[in-house]
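Peer 1: So you can see what is in the structure, the chains are spelled out below.
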Amino acid sequence: MRIVAVTAGLTRPSSTRLLADRLAAAVAGRLEGAEVEVVELRELATEIAHAFVTGFPGRTLREALDAVASADGLIAVTPIFTASYSGLFKSFFDVLDPDALAGKPVLIAATGGTARHSLALEHALRPMFSYLRAIVVPTAVYAASEDWGTEDGLSERTDRAAEELAALVRDRKPASEPAFVPFAERLAALADE
Amino acid sequence: MKMQFGIFTVGDVTTDPTTGTTPSEHERVKAMVAIALKAEEVGLDVFATGEHHNPPFVPSSPTTLLGYIAARTSRLVLSTSTTLITTNDPVKIAEDYAMLQHLADGRVDLMMGRGNTGPVYPWFGQDIRDGIPLAIENYALLHRLWREDVVDWKGRFRTPLQGFTSTPRPLDGLPPFVWHGSIRSPEIAEQAAYYGDGFFANNIFWPKEHFQRLIDLYRQRYAHYGHGTPEQAIVGLGGQVFMRARSQDAVREFRPYFDNAPVYGHGPSLEEFTAETPLTVGSPQQVIERTLSFRDTFGDYQRQLFLLDHAGLPLKTVLEQLDILGEEVVPVLRKEFAVGRPAEVPETPAHGRPTLEVSS
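Heads up: the sequence lines are chains X and L, in that order.
Position 127 of the first sequence, counting from 1, maps to 127 under this note's numbering, and the rest follow consecutively.
Position 236 of the second sequence, counting from 1, maps to 236 under this note's numbering, and the rest follow consecutively.
FYI, nobody ran anything at the bench for these hints, they're computed from the structure.
Any given hint might turn out to be false.
Interface residues of chain X toward chain L, partial, derived using beta-carbon atoms under 7 Å [what the hints assert, rightly or not]: (1) T60; (2) S91; (3) M128; (4) Y131; (5) F183; (6) R186.
The C-beta atom is built at its ideal place from N, Cα and C for all residues, glycine as well.
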């Protein structure tokens with residue numbers, strides 16, 4: 001079982017990365033034998049930009065996209081910029097195959113300087129993942145700067161979200177390959193209409 | 001068994017980034033002719049033209065261009081890259097290319113493609129959402145029009161035909177060989193396999209692993225439909241090269257064209273792009289080695305086309321590239337590709353050298 005955490009934090013160290021790590025640890029702790037892989041979008045920023053220009057992902061980006069597509073569960077964490085996910089975060093999911101997340105359990109999370117932006121998770125991230133036909137867990141985790149200094153709230157939400165994701169991953173059936181349609185059937189389908 | 005080598009052109013009018021000069025449409029059309037004539041002169045086998053219906057591209061009427069070239073050549077096979085099977089009326093394709101076949105004494109084949117320009121669909125009364133069904137239905141009709149003298153037909157996308165005969169009939173009753181080109185659709189690889197037609201992977205802007213999956217699927221399905229073994233399927237590949245005697249000269253001269261190219265300019269560096277895709281910029285020897293390596297990835301194949309005349313390269317430079325290709329590269333490739341090529345791997349079917357017609 002493999003959990004992939006995608007983080008769009010830009011600084012080092014990054015609170016976005018920290019949140020991703022804490023969520024990943026909380027999820028992995030609930031799934032026996034789970035492996036965790038973290039995808040740092042900062043390291044892929046140039047390749048993501050190139051993929052827009054050339055139409056294909058470079059080697060490192062391809063590995064990251066494959067890791068996400070083949071994960072049993074996804075944790076997606078972005079800083080909130082200008083009232084929404086960061087451009088880098090969106091760009092990564094723009095170059096991902098639009099079917100790659102279909103039916104996949106996803107935990108969404110975000111960081112920001114103030115708690116006033118927390119609903120960006122509901123207004124921006126959740127609809128984006130719904131569009132990609134992912135199954136987004138009900139609890140989204142937002143960490144404002146002030147949350148890192150208190151014991152209550154953040155760790156409780158982290159545990160609740162992790163439990164929700166772990167439950168979905170445990171029950172998940174392996175995705176089936178899309179059916180290959182033999183040519184004769186395509187021809188016949190046209191004739192029938 | 002002989003492999004074929006040639007060139008394919010997109011027919012773009014692009015400003016030369018080193019001089020700021022932009023050819024007129026007239027100059028570009030004439031340059032395409034000059035390039036085709038040069039291809040025959042230096043001993044290449046195939047010239048293929050794209051079909052586009054929007055600026056900055058000029059070749060909207062491929063059979064006019066190819067007919068003119070046919071009259072001025074004697075050996076060159078004339079082809080397309082690609083003919084839009086989605087937006088052209090299949091009846092008109094049947095007529096135009098049969099006519100070209102007669103004029104060119106059979107030196108004609110063509111490559112079907114869906115095109116990747118969304119707005120072109122409404123210009124020809126079609127809907128892009130029907131892209132794949134259009135490609136399937138239109139080709140099914142075209143296939144019949146070239147093989148049946150009188151056709152009764154009814155479909156989804158055009159008016160029915162009753163007792164229709166497409167004229168002229170294909171030369172000697174032999175339809176031109178057809179390739180299907182695709183960048184990403186397994187459906188098209190499956191279509192090519194179903195009919196026992198050729199499959200062409202443009203192989204220029206994407207990493208080879210991507211095309212390897214499509215070609216493997218095509219070979220396997222070609223065998224499934226009983227046309228031969230997977231190794232006998234008819235595969236064509238694109239390639240993109242720029243050569244000078246010394247590789248550092250090639251890189252220096254090509255870099256401004258690469259950096260400003262409409263397709264990939266302002267993106268990755270030339271070095272990154274040549275590492276990731278089949279683009280080769282260097283000495284003739286480097287081009288030979290890179291091209292020979294395609295066989296390791298895709299198996300023995302039938303046709304290799306190179307893209308030489310794009311991104312604003314001046315005609316003079318393109319003609320020099322053709323000299324190098326014809327004199328230093330292709331003769332070595334012919335020899336090397338022949339080594340170890342199994343006898344049962346066929347040539348590209350050509351007029352008077354048809355592949356087996358197997359009905360499915």
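Peer 1: To test your reading of the hints: which numbers does this structure violate?
Peer 2: When the structure is compared with the hints, numbers 1, 2, 3 and 4 turn out to be violated.
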